[in-house]
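There are 2 protein chains.
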Amino acid sequence: VERFVLKIWRFLEKAWSIGVSEPKKVVHCLKVGLALTIVSLFYFMRPLYQGVGGNAMWAVMTVVVVFEYPVGAMLSKCINRIIGTFFAGSLAMGVHWIASQSGEQFEPIILGVSVFLLASVATFTRFIPTIKARFDYGAMIFILTFSLVSVSGYRIDELFEMAHTRFSTVAIGTSICILISMLFYPVWAGTELHHLVNRNMEKLADSLDGCVSEYFNDNGDVKKSDDDPNKKLQGYICVLNSKATEESLANFARWEPTHGNFNFGHPWKQYPKIGAAMRNCACCVESLNSCINSEIQVPEYLKKNFSDACMRLTSHCSKVLKELAVTMKTMTKSPTTDLSVGEMNFSAQELQNALKSLPNPLLFPPLSENETKGEATTKHAAVTLIDIVPLATAISLLIEIATRIEKIADE
Amino acid sequence: VERFVLKIWRFLEKAWSIGVSEPKKVVHCLKVGLALTIVSLFYFMRPLYQGVGGNAMWAVMTVVVVFEYPVGAMLSKCINRIIGTFFAGSLAMGVHWIASQSGEQFEPIILGVSVFLLASVATFTRFIPTIKARFDYGAMIFILTFSLVSVSGYRIDELFEMAHTRFSTVAIGTSICILISMLFYPVWAGTELHHLVNRNMEKLADSLDGCVSEYFNDNGDVKKSDDDPNKKLQGYICVLNSKATEESLANFARWEPTHGNFNFGHPWKQYPKIGAAMRNCACCVESLNSCINSEIQVPEYLKKNFSDACMRLTSHCSKVLKELAVTMKTMTKSPTTDLSVGEMNFSAQELQNALKSLPNPLLFPPLSENETKGEATTKHAAVTLIDIVPLATAISLLIEIATRIEKIADE
Numbered sequence: 066v067e068r069f070v071l072k073i074w075r076f077l078e079k080a081w082s083i084g085v086s087e088p089k090k091v092v093h094c095l096k097v098g099l100a101l102t103i104v105s106l107f108y109f110m111r112p113l114y115q116g117v118g119g120n121a122m123w124a125v126m127t128v129v130v131v132f133e134y135p136v137g138a139m140l141s142k143c144i145n146r147i148i149g150t151f152f153a154g155s156l157a158m159g160v161h162w163i164a165s166q167s168g169e170q171f172e173p174i175i176l177g178v179s180v181f182l183l184a185s186v187a188t189f190t191r192f193i194p195t196i197k198a199r200f201d202y203g204a205m206i207f208i209l210t211f212s213l214v215s216v217s218g219y220r221i222d223e224l225f226e227m228a229h230t231r232f233s234t235v236a237i238g239t240s241i242c243i244l245i246s247m248l249f250y251p252v253w254a255g256t257e258l259h260h261l262v263n264r265n266m267e268k269l270a271d272s273l274d275g276c277v278s279e280y281f282n283d284n285g286d287v288k289k290s291d292d293d294p295n296k297k298l299q300g301y302i303c304v305l306n307s308k309a310t311e312e313s314l315a316n317f318a319r320w321e322p323t324h325g326n327f328n329f330g331h332p333w334k335q336y337p338k339i340g341a342a343m344r345n346c347a348c349c350v351e352s353l354n355s356c357i358n359s360e361i362q363v364p365e366y367l368k369k370n371f372s373d374a375c376m377r378l379t380s381h382c383s384k385v386l387k388e389l390a391v392t393m394k395t396m397t398k399s400p401t402t403d404l405s406v407g408e409m410n411f412s413a414q415e416l417q418n419a420l421k422s423l424p425n426p427l428l429f430p431p432l433s434e435n436e437t438k439g440e441a442t443t444k445h446a447a448v449t450l451i452d453i454v455p456l457a458t459a460i461s462l463l464i465e466i467a468t469r470i471e472k473i474a475d476e
Numbered sequence: 066v067e068r069f070v071l072k073i074w075r076f077l078e079k080a081w082s083i084g085v086s087e088p089k090k091v092v093h094c095l096k097v098g099l100a101l102t103i104v105s106l107f108y109f110m111r112p113l114y115q116g117v118g119g120n121a122m123w124a125v126m127t128v129v130v131v132f133e134y135p136v137g138a139m140l141s142k143c144i145n146r147i148i149g150t151f152f153a154g155s156l157a158m159g160v161h162w163i164a165s166q167s168g169e170q171f172e173p174i175i176l177g178v179s180v181f182l183l184a185s186v187a188t189f190t191r192f193i194p195t196i197k198a199r200f201d202y203g204a205m206i207f208i209l210t211f212s213l214v215s216v217s218g219y220r221i222d223e224l225f226e227m228a229h230t231r232f233s234t235v236a237i238g239t240s241i242c243i244l245i246s247m248l249f250y251p252v253w254a255g256t257e258l259h260h261l262v263n264r265n266m267e268k269l270a271d272s273l274d275g276c277v278s279e280y281f282n283d284n285g286d287v288k289k290s291d292d293d294p295n296k297k298l299q300g301y302i303c304v305l306n307s308k309a310t311e312e313s314l315a316n317f318a319r320w321e322p323t324h325g326n327f328n329f330g331h332p333w334k335q336y337p338k339i340g341a342a343m344r345n346c347a348c349c350v351e352s353l354n355s356c357i358n359s360e361i362q363v364p365e366y367l368k369k370n371f372s373d374a375c376m377r378l379t380s381h382c383s384k385v386l387k388e389l390a391v392t393m394k395t396m397t398k399s400p401t402t403d404l405s406v407g408e409m410n411f412s413a414q415e416l417q418n419a420l421k422s423l424p425n426p427l428l429f430p431p432l433s434e435n436e437t438k439g440e441a442t443t444k445h446a447a448v449t450l451i452d453i454v455p456l457a458t459a460i461s462l463l464i465e466i467a468t469r470i471e472k473i474a475d476e
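Chains as they are written, first to last, in our numbering: chain U, 66 to 476; chain V, 66 to 476.
The following block holds chain U by itself, in its conformation from the complex (with noise of 0.2 Å):
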């Protein structure tokens, strides 16, 4: 039993810390229970509940499946569900009248027919990426709106009236749901998309630097930076894996009306697109990581004849990227962006001819050493100069990319 006490009183706690650490999750909640509550008042409301009867469940309905977190999640659904309500409302009613015209025998038989071809085709549309992406709800809702109304109009006489009601309750809970959410602290998925990708891109700066500068400086602080460098470090894994993420919600972006500083026509595309190259990064951070932490150890003064050199490029790199983090959030094309990368470029050349005009004798120790050492040591001192140099490239592949979305979204 105190076991399970525990977990319980666990669970409350991570419950807590998450909606502490985000407040607009809590509002989120408030205003689903809102959005319910402005739709019970069509029962408790006698004349309300004339107008729209019974069905007025359809009405509660819509608000509990359509209301998402992300404004744009919560709009491409609800235009899913009129259109797809509308279309397939109007296809169940044309089959309704040709069964209904063909007699009573025939009429069962069409009418399972019919909704046995349109289910399966429109569930085959939703395996089609493009569909997938954009009307998966959609084709759903086609499905139970048709085979709902042309099932029940066996039974039930006024189908106009009812399809029409159905409709109209669905229209009553979208705009509810519009209403509620949008103006009350709206959650943008376009601005959520924003913040991540610049977010990432700090990050990566981060963990590039504290990577680079933890493996030249690891005789003096090694205990005491234990804890904070290492969360810095693993911030290339977050933007590893937040590929779905981004893309989830640039989906999300599209359907979104202009707010804030984006218009209507952002380029949102352009986002997944950053994120890719910022991988790309990752990628290769992740490969220098493994480096410095492989067994093979290189020798102090080998190390030494390299750090500055080192330590310069990673912090251009760093600045350029944090840079670019500023000229994202501010949607400027800061005039210092070109001058860093140049910078950038400059420490790389300069790298490059420290390994070039590094003497002989240094890349193969004198013979004191015993000579697999010597050999671990020209290894590892290359690898960790040569990792930096498809980082750069990686880099400025992310420049070229970032800057063209400057373009862009400055137009």
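Note that these hints are calculated values from the structure, not bench results. Certain hints may be false.
It does not matter which identical chain is used: a pair holds within one copy or between any two.
No more than 25 Å apart at the CA atoms, straight line, and that leaves these computed lysine to any residue pairs for SDA-like [as the list claims (entries may be wrong)]:
#, residue 1, residue 2
1, 72, 200
2, 89, 245
3, 79, 205
4, 197, 309
5, 338, 391
6, 89, 394
7, 79, 89
8, 90, 335
9, 338, 256
10, 89, 178
11, 334, 278
12, 197, 253
13, 338, 306
14, 384, 408
15, 338, 147
16, 197, 80
17, 338, 278
18, 334, 256
19, 79, 200
Using the hints, position chain V against chain U.
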């Protein structure tokens, strides 16, 4: 107009190709049609209709909403739906009883407040990761049923009967779904996951193979092998992108009963772990690939020096990967795997030796070549070699995890 027709034609062509390449999906569509037609029988046959009455539409709705492609997804939705409906129904009846005892004036207030509170709390639980992964749909159904039953209880007198029929129609709908999807050509999430991971392993081996062999043979048949190897080479991108699919399939697979070679307690959680290890590997392949495609060209004589050892290591790596794939497929621990792992480690050692025994003048080629080119050479030869070492370590990591799984799976 012509462009529109062309667009539709292309769309149909695409749909056709999906249908041809994956006939399972077509079967799934027919299954949905069949299930809906069977549910419609409740309407068409008089005795059945009188049993459940107009509430039969709940059964239709259940079928449409619950029928998912993999069996596991459907089962999880069914169980969620039944549990959610049951809890919400009983709770709503309790609240209704309290409200009806407290007089006509307070009844709507109590009902409204309870809807507001419970909807907010249930929405909040959907944000908690552990609940979201398993019971997201159940929470939604809970809100839906609770508000429907408690709100319509204000107008309808036979509330108990309504809750009862709603529950029984949901049960009818889910049982039809489960029967149809499990009896005719079931698509098990577990099997799909197994194949996906298996296929990814083979793809990774192919792209590793292709990447290295293309590098060392690219003078011979560059133009001939332009299409097919490139496809193979891109295999690692598939591996990198399959994270979300793997996780959702593993999540669904946990709900599935024993089928084929998989028992109920099959360690599905291990699959995403293998997937993560493979993604780690794919990351290495990616940086290897970017090294190979970089602008700096290595002179032939240096390439030839290492090509044998590199090729041998690569072929051993991909052999191990392919053997692991076979081992996974047959789910028996093959005795040759350990042997090939040993061979792989041996050839990695060999490559290190080759690097060690490299004569100095070769590394720094004769002064007849200009210095910059020599520099690039050293650097680049080192890269290709060194990048294989983390690859090998990543692969041995993968092997460790995989062998661990074999043990679990065979127990």
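Quick rundown of the hints versus the structure:
Taking the closest pair of Cα atoms, residue 72 and residue 200 come within 25 Å of each other only across two copies (17 Å); inside a single copy the shortest separation is 40 Å, beyond that limit. Taking the shortest Cα distances, residue 89 and residue 245 sit within 25 Å of each other inside one copy (14 Å), while across copies they are farther apart (42 Å). Taking CA atoms no more than 25 Å apart as the test, residue 79 paired with residue 205 passes between copies only; the shortest distance there is 21 Å, against 35 Å inside one copy. For the homomeric pair residue 197 and residue 309, the shortest alpha-carbon distances inside one copy (15 Å) and between copies (16 Å) are both at most 25 Å.
In this assembly of identical chains, residue 338 and residue 391 lie within 25 Å of each other by CA distance solely inside one copy; the values are 18 Å within and 36 Å between copies. Proximity of residue 89 and residue 394 under a CA criterion of 25 Å is satisfied intra-copy only: 20 Å inside one chain copy versus 47 Å between copies. Proximity of residue 79 and residue 89 under a CA criterion of 25 Å is satisfied intra-copy only: 16 Å inside one chain copy versus 42 Å between copies. Proximity of residue 90 to residue 335 under the C-alpha cut-off of 25 Å is found in neither arrangement, the shortest distances being 27 Å within a copy and 32 Å between copies.
In this homomeric assembly, residue 338 and residue 256 come within 25 Å of each other (Cα to Cα) only inside a single copy, at 17 Å, whereas the closest approach across copies is 33 Å. Proximity of residue 89 and residue 178 under a CA criterion of 25 Å is satisfied inter-copy only: 22 Å between copies versus 48 Å inside one chain copy. Taking the closest pair of Cα atoms, residue 334 and residue 278 never come within 25 Å of each other, the shortest separation being 35 Å inside a single copy and 36 Å across copies. For the homomeric pair residue 197 and residue 253, the shortest alpha-carbon distances inside one copy (22 Å) and between copies (21 Å) are both at most 25 Å.
Both within a single protomer and between protomers do residue 338 and residue 306 lie at most 25 Å apart by alpha-carbon distance, with minima of 15 Å and 14 Å respectively. Within a single copy, residue 384 and residue 408 get their C-alpha atoms as close as 10 Å, which meets the 25 Å cut-off; across copies the closest is 45 Å, which misses it. Taking CA atoms no more than 25 Å apart as the test, residue 338 paired with residue 147 passes in neither setting, with 32 Å inside one copy and 42 Å between copies. For a Cα distance limit of 25 Å, the shortest separation of residue 197 from residue 80 across copies, 12 Å, qualifies, whereas the shortest one inside one copy, 33 Å, does not.
In this assembly of identical chains, the alpha carbons of residue 338 and residue 278 never lie at most 25 Å apart, being 29 Å within a copy and 30 Å across copies at closest. In this assembly of identical chains, the alpha carbons of residue 334 and residue 256 lie at most 25 Å apart only when taken from the same copy (14 Å versus 34 Å across copies). Taking identical chains as interchangeable, the C-alpha atoms of residue 79 and residue 200 lie at most 25 Å apart only when they sit on different chains, with a minimum of 17 Å there against 35 Å within one chain.
When each numbered hint is compared with the structure, violations occur for hints 8, 11, 15 and 17.
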